[in-house]
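Asks: Now for the letters of each chain:
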Amino acid sequence: MTAPPRGGGPVGPSPLRFGRRARLAAVLAVLGPGIVSGFADNDAGGITTYSLAGARFGYDLLWVILVTQLALFVTQEIGARMGLATGQGLTGLIRERFGVRWAAFAAFTMIAANLGSTVSEFAGISAALSLFGVPVPVSAMLAAVAVITLISQGSFGRVQYVFVIIGVVVSAAYIVSAVLSQPDWSIAAISLVVPHGTLSGAYMLAVVGTVGTTITPWGQGFIQAYVVDKRLRPEELKAERLDVLIGVLITNVVAAFIVIACAATLWTSGQTDIADAAQAAQALGPLAGPVASTLFAVGLLAASLLGLGVVPLASAYTACEAFGWEQGVGWHWREAPAFYGLLAFFIGFAALFMLIPGLPLIQVMFSAQVLNGLLLPVILVFVMLLAGDKRLMGSLVSGRINLALGWTVTAMLVVMSLVLVVTAVSG
Amino acid sequence: MIHLSQVIGRPVRDQNGESIGKVADLIVAVGERYPPVTGLVIATDRRKIFLPWSSVATLDISGARLNTSQLDITKFRQRQNEILLKDNLLDKQIVDIDGRRVVRVNDVSLDEVEGSLRLVAVDVGAAGLLRRLGIEGPYRTLARGLRRPAGERYIDWEDVDPLESTIEAVKLRVPHAGLAELHPADLATIIDQLTPRDRAGLLASLDDEAVADVIEEMEPESQVDVLEELKPDRAADILEEMSPDDAADLVADLSDTARAEILSLMDKTEAEEVRELLGYPEETAGGIMTTEFIAVPATLTAGQTIDRLRELEPDAETIYYVYVVDDEGRLVGVLSLRDLIVARPDSPIGEVMIDEPVAVNLLDHQREVANLVARYNLLAVPVVDDEGKLEGIVTVDDTLDSLLPVGWKSHLPKRFPGSAR
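So the protein lines, in turn, are chains V and L.
Mapping to our numbering: the first sequence position 415 is 415, numbers consecutive.
Take any residue in the second sequence, note its place counting from 1, add 1000, and you have its number in our numbering.
Treat the hints as calculated values from the structure; they're not laboratory data.
Since the structure is predicted, the reported quantities are computational estimates derived from the model, not experimental observations.
Beta carbons: idealized from backbone N, C-alpha and C, even for Gly.
There's no promise every hint is true.
Here are the computed distance ranges between Cβ atoms for each label pair [stated by the list, open to error]:
#, chain 1, residue 1, chain 2, residue 2, range
1, L, 1279, V, 404, 50 to 60 Å
2, V, 394, L, 1178, 22 to 32 Å
3, V, 338, L, 1178, 22 to 32 Å
4, L, 1178, V, 395, 30 to 40 Å
5, V, 132, L, 1098, 53 to 63 Å
6, L, 1111, V, 391, 29 to 39 Å
Please put together the full structure from these sequences, using the hints given.
Replies: Spelled out as structure tokens, the structure:
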């Protein structure tokens, strides 16, 4: 029995393919980067932002979720493609193509966005543990210990599957809860496909937050780096595209059902703001009743930890690659001081940030997503410029339709960010 | 010494001091130890023009001064052995042969050597990075307070191996001469850090035996990756250069079709040895043994045996013991290289050999093999079948592999802990 052929026709003479190991792990191996990225997208910030969107605006933002997921597929596919074609990470390519200053600019943009994301994951852990009465300073320290344990050599590789499984359970809980809460399916269906909304500041914030938590700067860096790290080959483009598609579907379905569950419970009952995790947990009430908050806490915790296992690493990696420093957990800390220094900075900054007294955790998580959304266009412009570069991408250069879609997405995000800034300035 | 970043963008003036444009790039011709600058690319208002070095009077951090006012506006065509310093080298990845690492070029250093301006080193230090970012001055002020000067690190051009993808625009065959002289283990570490395209280019420049040596130093996972990237006939050639046991281990990890294809492309006898070894379970003596060993009849003299060794030119790992077999191929004795050399040349080896040597059965577990090797301090232990016929030997390094934990060989620079497949 041989492995089914993966990917399109390889360029040049066919290399040997599909070892015993590859056959055994073909599915798990290739179906990796996109799916891990998809699950990590529904991290603390994701759950919170989708919950807020449903509570504040009911079904109104469902169409944004659909459009965002389509855009996510386009950008993730391009990221994977670049990894396959060049064997290099995003900032490395930016450096080669645009020089060291642009690379530094991209790296600092990434660092700023990812500091926000890391803080958001910490806030997620604190919010989850607050449901069990754990004070924030304690949970912040626990989070710091957890993330260091996670990304120290070896453990995250195995533990990530536990988070993914918890993620699946909680996602299923949202779906069941959404169904049990008897939402207005016809309105939900119409809202999903018919764009509408207002130009109010709050609405634009929610839109940018939703986009920002789904398509992220770290997500772009991560998918490309992970594809490179796994040593996937250009012939594996088709399989990798499937992997990305599955990852996007996971993000999409879960996001939509979180919005629906929150719309059918919180928004319907007139509770249009979520001040803390306990309120967000009410969306799971129809399914879990009295244990809703426990279920929510476990889910938020797992989502935050999965995010923490990915975001700081992806950030430190991207920054180091721009400057040509050793990067990755395969190096000893003495060999890669900048890499580990950055990791420590991310974790330390987030932990200390949590010590600010009276921090509104839900608001912190949401704001981090808005920050991500605002900085995203910067990264996407680089991504698109590189994706269309024939010299760099060779036979994997994005086709005209892909490029048109990608630039459309980028242009939309630029406009959206501008609108948000303008509405924020003009009050 | 001047840095490339200090001259790029500087004004170019002709003989009369008239401004023509700005320095866009420098061209060097590779081949010599320190490649001389052969030309200048100038960005004028409308286009980029090329100027041979003979038209340049001076070049320093204030800009370039020409010795002519006549501009030949020929379009620049890059020649085979030429590198554009800014386009092809700056910000690209290179191999630091001395440091055995892949690094990025922060800046390029030029200096007057033997009467001409030459590329002498690449700057990979923090100081170069700061200079490029234009914050060298502010940092120096800051650093004086902190007493932490920015690290300067230059790699002599002689110790630099430019990579294929760096200069792919140029149809230059990179010889990788410096890399070929590295120890295979160091080369394996470097290859792990390269992009697939660079890896392919580097492997193409090495001969089959060198690639075989490098592959033997890699982790099993990387071995398969590298082999799968090669064309099947080249892969077969490389496997022939490997010792049969290592080749068998590697081939075992390929798919059935790939294995069949590669074995059919290999030399008949080598392929047969590999096939035979594939028949034994992985964790048995048969699974880790090599079929390359030296066996002689007891009737030879010590001198004849040494002559035989000279003829055979055995590999390093198999030379330490000479096994003595009877007409049926059954193991009857063993001689160490030392025994052989200290024996009088005319004495029959049957007299100097050790009778009834320690041996293991084909199906003995590799742990037992390791125990024997440790207990008797052997460099290799013979493997026999049920009739006592000598089938192969297990060398001490292969028993070590079975004892050490997985993943000790070379550390792959993985970025994410979960991404191993």
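Asks: Can you tell me whether the CB distance of residue 1279(L) to residue 404(V) sits inside 50 to 60 Å?
Replies: 57 Å, holds
Asks: Cβ-Cβ distance between residue 1178(L) and residue 395(V): within 30 to 40 Å?
Replies: Between residue 1178(L) and residue 395(V), where Cβ atoms are some 31 Å apart, the hint holds.
Asks: CB of residue 132(V) to CB of residue 1098(L), is that within 53 to 63 Å?
Replies: 56 Å, holds
Asks: Does the Cβ distance between residue 394(V) and residue 1178(L) fall inside 22 to 32 Å?
Replies: With Cβ atoms ~27 Å apart, the hint holds.
Asks: Does the Cβ-Cβ separation between residue 1111(L) and residue 391(V) fall within 29 to 39 Å?
Replies: 31 Å, holds
Asks: Should the hint that residue 338(V) and residue 1178(L) are 22 to 32 Å apart at their CB atoms be regarded as holding?
Replies: 27 Å, holds
Every hint from the earlier list agrees with this structure, and none is contradicted.
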